[in-house]
Amino acid sequence: MAVVASETPFHVLAVDDSLPDRKLIERLLKTSSFQVTTVDSGSKALQFLGIHDDDASTVSVHAHQLDVAVNLIITDYCMPGMTGYDLLKKIKESSSLRDIPVVIMSSENIPSRINRCLEEGADEFFLKPVQLSDMSKLKPHILKSRCREHYEQEQQHQQSDSNSNDCSSPTNMSSSSDSSRKRKAEDNEEILPQKNRPRHS
Amino acid sequence: MSAANQLAALIANMFATGLLDDQFQQLQMLQDPSAPNFVSEVVTLFCHDGERIIGELAKLLDKPTVDFDRVDAFVHQLKGSSASVGALKVKNTCIQFREFCQQKSKDGCLKTLETVRINFYELRGKFQTMLQLERQVNGFPPNN
Chain A
1 MAVVASETPF HVLAVDDSLP DRKLIERLLK TSSFQVTTVD SGSKALQFLG
51 IHDDDASTVS VHAHQLDVAV NLIITDYCMP GMTGYDLLKK IKESSSLRDI
101 PVVIMSSENI PSRINRCLEE GADEFFLKPV QLSDMSKLKP HILKSRCREH
151 YEQEQQHQQS DSNSNDCSSP TNMSSSSDSS RKRKAEDNEE ILPQKNRPRH
201 S
Chain H
202 MSAANQLAAL IANMFATGLL DDQFQQLQML QDPSAPNFVS EVVTLFCHDG
252 ERIIGELAKL LDKPTVDFDR VDAFVHQLKG SSASVGALKV KNTCIQFREF
302 CQQKSKDGCL KTLETVRINF YELRGKFQTM LQLERQVNGF PPNN
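Those protein sequence lines, which keep their order, are chains A and H. Mind the numbering: the first sequence is residues 1 to 201 in our numbering, read in order. Mind the numbering: the second sequence is residues 202 to 345 in our numbering, read in order.
Everything labelled a hint here was simulated from the structure, so no lab data went into it. Be a bit skeptical, because a hint or two may be false.
What the hints assert, rightly or not - What follows is a list of derived Cβ distance ranges for each label pair:
| hint | chain 1 | residue 1 | chain 2 | residue 2 | range |
| --- | --- | --- | --- | --- | --- |
| 1 | H | T330 | A | K144 | 46 to 52 Å |
| 2 | H | A236 | A | S133 | 17 to 23 Å |
| 3 | H | N293 | A | S136 | 25 to 31 Å |
| 4 | H | I296 | A | P111 | 15 to 21 Å |
| 5 | H | T245 | A | L143 | 35 to 41 Å |
| 6 | A | S136 | H | E242 | 22 to 28 Å |
C-beta atoms are modelled at their ideal positions from N, C-alpha and C, and glycine is treated no differently.
Same shape as in the complex, but just chain A:
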């Protein structure tokens, strides 16, 4: 039978250099039924995600990281060293990570900062202190990215099916699906649906 995806707890990676703030965001996320990992810097976040700073553009996810699917990244903007914005850019530059939704948090309401983040691909911007009501904005972004992922998976399966036939089957044979298939070949370490299988209870 089909697995009900909503029963699987989503896993959020929270990044914040402030200890009290980390405690708070962790509690907010757990209260909202997310599984949470917190780290105190952008470089630790990248490490956790299996990417090293210097080769963020290379497909280099370590094998053991494949079991730790991250469904959303929420990060503070102002951090020493790598800012939340820098982290966002690295994530979007990575072929294996770029589809993970990213939310930026900041205590400062600076429109140009907010726009810059959204333009760089952030899905949402939260003003600190983050509230419980903000948590309900997270799931839609996760579901949206998973729908995209499933669609791409289906595209790939349809492609390999139709390739094994002599006659062309009524599948999408446009150039856009060719490029998505090519991208899929590069991204074969991308989070596959089975990684988000329900936890054993």
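Following the hints, complete the assembly by docking chain H onto the known chain A.
Then chain H, alone, in the frame of chain A:
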């Protein structure tokens, strides 16, 4: 007065005198049987963090040439964590402090550091009493 009543009165007083704001209530609402010590944990982290930051600020402002960017960065941190725990008075003092950093006024910074220190330690003292009373309410004897 029972410990529970003392605790309620203390917290009410902290709200009434502007030491705490709504955000502290948010923290209280996040505490439940699955996280029974959440408030005391966050408050304790804030107190340690605040003390550390005030120490760094004192060091930076003690130099003959002050690096106002670094001072501002620390004040920003303290402002952030005070906002997160609902420490209204400390947060507002940090806002003033940042203005003196922008103006690169060593005098202004030193004076405001003193105010931050006074406000922070006032808050910390009350937080410590709060945590003690909470322990009593939960059935632990008062610490001596």
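Each hint, compared with the structure:
1. A C-beta distance of roughly 48 Å is found between T330(H) and K144(A), which places it inside the suggested range of 46 to 52 Å.
2. In this structure the hint that A236(H) and S133(A) lie 17 to 23 Å apart at CB holds, the actual value being about 19 Å.
3. Remark: the range hint 25 to 31 Å for N293(H) to S136(A) is upheld by a beta-carbon distance near 30 Å.
4. Between I296(H) and P111(A) the beta carbons are some 19 Å apart, a value that agrees with the proposed interval 15 to 21 Å.
5. For T245(H) and L143(A), the hinted distance range of 35 to 41 Å is satisfied, since their beta carbons lie about 37 Å from each other.
6. Judged by the Cβ atoms, the range 22 to 28 Å given for S136(A) and E242(H) holds: they are separated by roughly 24 Å.
In this structure, every one of the numbered hints holds.
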